[in-house]
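Colleague: Position one of the sequence shown corresponds to residue -6 (our numbering), numbered consecutively onward.
Keep in mind that the hints are not guaranteed to be accurate.
What the hints assert, rightly or not - Pair ranges (Cβ atoms, derived):
#  : residue 1 : residue 2 : range
1  : Thr0      : Glu63     : 17 to 27 Å
2  : Glu3      : Tyr73     : 16 to 26 Å
3  : Lys85     : Pro52     : 39 to 49 Å
4  : Pro52     : Glu82     : 36 to 46 Å
5  : Glu81     : Glu51     : 29 to 39 Å
6  : Glu12     : Met79     : 17 to 27 Å
7  : Val54     : Ser86     : 26 to 36 Å
8  : Glu81     : Asp13     : 32 to 42 Å
9  : Lys(-3)   : Val57     : 17 to 27 Å
10 : Ser86     : Glu51     : 30 to 40 Å
11 : Asp6      : Glu82     : 28 to 38 Å
12 : Glu81     : Ile(-4)   : 17 to 27 Å
It is worth saying that the hints were derived from the structure and are not from the lab.
Keep in mind it's a predicted model, so treat the numbers as computed, not measured.
All C-beta atoms, glycine included, are put in the ideal place defined by N, C-alpha and C.
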Amino acid sequence: MIIKMFTDEESADVVFEIEDGDEQVQNTQKRSRTSIVKFHAHQVILKQYAPMLADLFEPGVISVSIPGVEPEIFGLILHYVCGGKMQEEDLKSFDKEKDLA
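Make a model of the complete structure from these sequences and hints.
Modeller: This is the structure in structure tokens:
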């Protein structure tokens, strides 16, 4: 039941905003292109299974920005919190990306 709520934006009561930054090099100048990826969540689930994330939402706050996290990784974390399984291939691909950086 909880995993079904993971994709239910309509019933979500909080939003995580994660920056998805792409750096471009053009004419020897670095330019950063940033977009915001939103992840909808449910406080009741966060309080039970990810209290540190739930604590980011003070009373009356419904949207929180989290810097320094790749959207794909944050999505996997929320999926796991809601009872989803982590695929070994996903974990390996992120590990390889880290080694290349």
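Colleague: Next, verify each hint and record whether it holds.
Modeller: So, going through the hints one by one against the coordinates:
In this structure, threonine 0 and glutamate 63 meet the distance hint of 17 to 27 Å, their C-beta atoms being roughly 20 Å apart. Between glutamate 3 and tyrosine 73, the C-beta spacing of about 22 Å keeps the proposed range 16 to 26 Å intact. Between lysine 85 and proline 52, the C-beta spacing of about 40 Å keeps the proposed range 39 to 49 Å intact. In this structure the supplied range 36 to 46 Å holds for proline 52 paired with glutamate 82, their Cβ-Cβ distance being about 40 Å.
Here the CB-CB span from glutamate 81 to glutamate 51 is close to 37 Å, well matched to the stated 29 to 39 Å. Under the hint 17 to 27 Å, the C-beta atoms of glutamate 12 and methionine 79, about 23 Å apart, fit the expected range. Separation of valine 54 from serine 86 is about 33 Å and conforms to the stated range, judged on CB atoms against 26 to 36 Å. Between glutamate 81 and aspartate 13 the beta carbons are some 24 Å apart, a value that contradicts the proposed interval 32 to 42 Å.
At roughly 23 Å, the beta carbons of lysine -3 and valine 57 sit within the given window of 17 to 27 Å. Between serine 86 and glutamate 51 the C-beta distance comes to about 35 Å, which sits within the given range of 30 to 40 Å. As the Cβ distance of aspartate 6 to glutamate 82 is approximately 32 Å, the hint placing it in 28 to 38 Å holds. Checked against the hint of 17 to 27 Å, the pair glutamate 81 and isoleucine -4 passes, with Cβ atoms roughly 19 Å apart.
In this structure, the one hint that does not hold is number 8.
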